[in-house]
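Asks: From just these sequences and the hints, can you work out the full model?
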Amino acid sequence: MAIKLETEKLSAWFGKKQVLKDVSLAFEEKKVTALVGPSGCGKSTFIRCLNRMHELNPDGRVEGKVLLDGENIYGMDPMDVRRKIGMVFQKPNPFPNMSISDNTVAGIRLSGEKSKADLEEVVERALKSVGLYEEVKDDLKRSGTSLSGGQQQRLCIARALAMEPEVILMDEPTSALDPASTSRIEELIRKLRSEITVIIITHNVGQAARISDMTAFLYLGELIEYGDTKEFFESPKSPITERYITGRFG
Amino acid sequence: MRIFSRRAREKVVISILMMLTAVAVIPLFWIVGSIVWNGASVMSIEFLTSLPAPFGSSGGGIGNAIVGTLMINCFASAWGIPLGILTGIYLSEYASAGRLSFIVRSVVESLSGVPSIVIGLFAFTVIVLTVRHYTGIAAALALGLMMIPLVAKATEESMKVVSNDLREAAIALGIPKYNVTTRIVLSMAKGGIISGSLLAFARISGETAPLLFTSLFSFYWPTGIDQPIATLQVLIYNYAISGFGDWVSKAWGASLLLVMMVLVINVAVRMLGRKKY
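First to last, the sequence lines map onto chains A and B. When you line the first sequence up against the numbering used here, it's residues -3 to 246, in that order. When you line the second sequence up against the numbering used here, it's residues 176 to 452, in that order.
Hints were generated in silico from the structure; no laboratory data involved. The structure presented is a predicted model; accordingly, all values stated were derived computationally and were not measured. Treat the hints with caution; some may be incorrect.
Restricting the straight-line Cα-Cα distance to at most 25 Å, the calculated cross-link-like pairs of lysine to any residue (SDA-like) are [unchecked claim]:
{"no.": "1", "chain 1": "B", "residue 1": "LYS365", "chain 2": "A", "residue 2": "ASP98"}
{"no.": "2", "chain 1": "A", "residue 1": "LYS17", "chain 2": "A", "residue 2": "ASP224"}
{"no.": "3", "chain 1": "A", "residue 1": "LYS87", "chain 2": "B", "residue 2": "SER338"}
Replies: In structure tokens:
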């Protein structure tokens, strides 16, 4: 098994408040890793350290290393990092001033660099990979926000995939969606595993069990337990983990 | 019984509010009404397109003042609007809690509170006294300066309402900040910025004080922005106090034109504002 992304003693602060404490975690290549934990446990901050978004907070501070293929991303250009490590957010957020196809290739088109890519082809491939192409192929010029919530979220995943990232981060991507759209996205995440490393935050323990290979449990900014999803749920080592997954707190 | 009294009280409150609204609105209709009443009679093609007639003879028009107002407004907009937009972009997207942004914000806010006559005096000192003649350039400087805070505020406010989620989505795609600002935030704020700029244009169309000692007045067609130029505002001022009947009615006509211009811009802005994402 190859390690794609790894954190070494990662700590993060909001002003004086430390929200992550020395988290060391290795993500395997082409696997889905779920991050679970109660609200406020630092999951979102953790994932935002992985693409250098946390530091954009005026009082956000990060310490420790994040290694992508062995190279510390905190020594790289943040924009290059974000092109290699894509992100999907909790609320679908297509750009309202752009059509479906412009949304899909927004990252390429606005990268500030000349692209040789055939954008029409990228649109088609990215939308096909999220199963949206057949639904929208006749009106690619329609506004991205005219789609349903689930379609918008798939469009956002397509927009991230169009950059051909090596890792994709998802911050509770289905929490704003209805059950049918949720299961479509879960299906899509399982399919993505063959091509890309996925790190997904979920509030829903059942979702972690359904879609992930590995599961990590964070509690009060610390990594409590990390392991194979099956083992994680069948025989948790820590009593806190057991209490969390059996729904005694959340 | 109680229900009746509650309804009765409701009616009393509503009628008081309606009366007060009427009190506030009546002067407005009165003003517009008297301008239309007095100004409409002088409206004609000749009035709109020809030069003023020599003093004492009737006829002629205010064509040069119409052209002059538009000319000075356009020159003022040409530098006031871009600078206002850039300031607004800075305040909304780039200003942090630092000292520079505090200074910029304070300057913009104080600028909008400076009486227009003081701004006119500034343009008079800087330009008119230097070149030693009245010039439209000084007027365009003064009016442009007045537009900056208006346009900056409108730009800042319409960019601030763009959801932060969209900025984050763009940054997470590795899009550089200047493209996030221009291609996403600015593009979505476009409507508000255009409205704000039009309103600033309408606002300076009514300013008279800064023009009195900058562009002054002229009885001829403007030949260049660096000359004394007639404007509707100064024409109204000069003609209205002249005591000469024909000029007074021409001042009413010019007022009607000015009010209509401002009204058309305001209606256009409202129609523009309806189209939203």
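Asks: Please go over all the hints and tell whether each is borne out by the structure.
Replies: Structure-based check of each hint:
Of the supplied pair hints, the one linking LYS365 (chain B) and ASP98 (chain A) holds, its CA atoms being roughly 18 Å apart against a limit of 25 Å. Proposed proximity of LYS17 (chain A) and ASP224 (chain A) is supported: the alpha carbons are some 22 Å apart, at most 25 Å. Under the criterion of a C-alpha separation no larger than 25 Å, the hint pairing LYS87 (chain A) with SER338 (chain B) is consistent with the structure, at around 12 Å.
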